[in-house]
Amino acid sequence: AQSVTQPDIHITVSEGASLELRCNYSYGATPYLFWYVQSPGQGLQLLLKYFSGDTLVQGIKGFEAEFKRSQSSFNLRKPSVHWSDAAEYFCAVGAGGTSYGKLTFGQGTILTVHP
Amino acid sequence: DTGVSQDPRHKITKRGQNVTFRCDPISEHNRLYWYRQTLGQGPEFLTYFQNEAQLEKSRLLSDRFSAERPKGSFSTLEIQRTEQGDSAMYLCASSRRQGYQETQYFGPGTRLLVL
Numbered sequence: 001a002q003s004v005t006q007p008d009i010h011i012t013v014s015e016g017a018s019l020e021l022r023c024n025y026s027y028g029a030t031p032y033l034f035w036y037v038q039s040p041g042q043g044l045q046l047l048l049k050y051f052s053g054d055t056l057v058q059g060i061k062g063f064e065a066e067f068k069r070s071q072s073s074f075n076l077r078k079p080s081v082h083w084s085d086a087a088e089y090f091c092a093v094g095a096g097g098t099s100y101g102k103l104t105f106g107q108g109t110i111l112t113v114h115p
Numbered sequence: 001d002t003g004v005s006q007d008p009r010h011k012i013t014k015r016g017q018n019v020t021f022r023c024d025p026i027s028e029h030n031r032l033y034w035y036r037q038t039l040g041q042g043p044e045f046l047t048y049f050q051n052e053a054q055l056e057k058s059r060l061l062s063d064r065f066s067a068e069r070p071k072g073s074f075s076t077l078e079i080q081r082t083e084q085g086d087s088a089m090y091l092c093a094s095s096r097r098q099g100y101q102e103t104q105y106f107g108p109g110t111r112l113l114v115l
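Read top to bottom, the protein sequences are chains A and B.
In terms of our numbering, the first sequence has 65 at position 65, counting the first letter as 1, and numbering is strictly consecutive.
In terms of our numbering, the second sequence has 27 at position 27, counting the first letter as 1, and numbering is strictly consecutive.
Output of the computed footprint for chain A on chain B, the stretches with three or more beta carbons under 8 Å from beta carbons of chain A:
1) 41 to 50
2) 92 to 101
3) 104 to 115
No lab work stands behind these hints, which were simulated from the structure alone.
All values derive from a computational prediction rather than experimental measurement.
All C-beta atoms, glycine included, are put in the ideal place defined by N, C-alpha and C.
Next comes chain A alone, as it looks inside the complex (with noise of 0.2 Å):
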């Protein structure tokens, strides 16, 4: 069965900083990897995702992640958070292959964001 874990749940940051969040899965073939975002009392909106191909993926709103499969990692950075990123983040893997594609979701991780 496939997992996800973020191993945080609240990371706070100043403003202009740079961020990485964490996540790390479980999987037993090829995985299919994906952020989302979550402002409050919203629905999910993606920031970017990895299929295949190059390790390190570009999203919206200058997100990347870099996907490492010897630590079953998938991690998002940004090298300057603004204000307007504070919002709850989501990793979730998807079954590659000829299955359907549904999702498996991490806990998540709230990004507080300080001027």
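Once you have looked at the hints, place chain B on chain A.
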């Protein structure tokens, strides 16, 4: 593309009542998913449709829950005899598989409160 829409956005009901939620996917997306998200947790998979066929249901989906997708377009999720434990955000997502790649796009969710 217009995004995934869900109706209603909020629902307050009394224990024992029936409720029905609607999801309209992105046009031409043939796959539709329902997830449930409780406070402080990531979304959990409930059920999945490919066109009008319901192909998988999670064990989370008790007999009180039923979902339909007539004609492979919009979908409804009904909860009968609601319980306080059903209080959650219900998220709908749609996708269209391209090769082995599939990206789910989420709606804004329906927040249910059972009193």
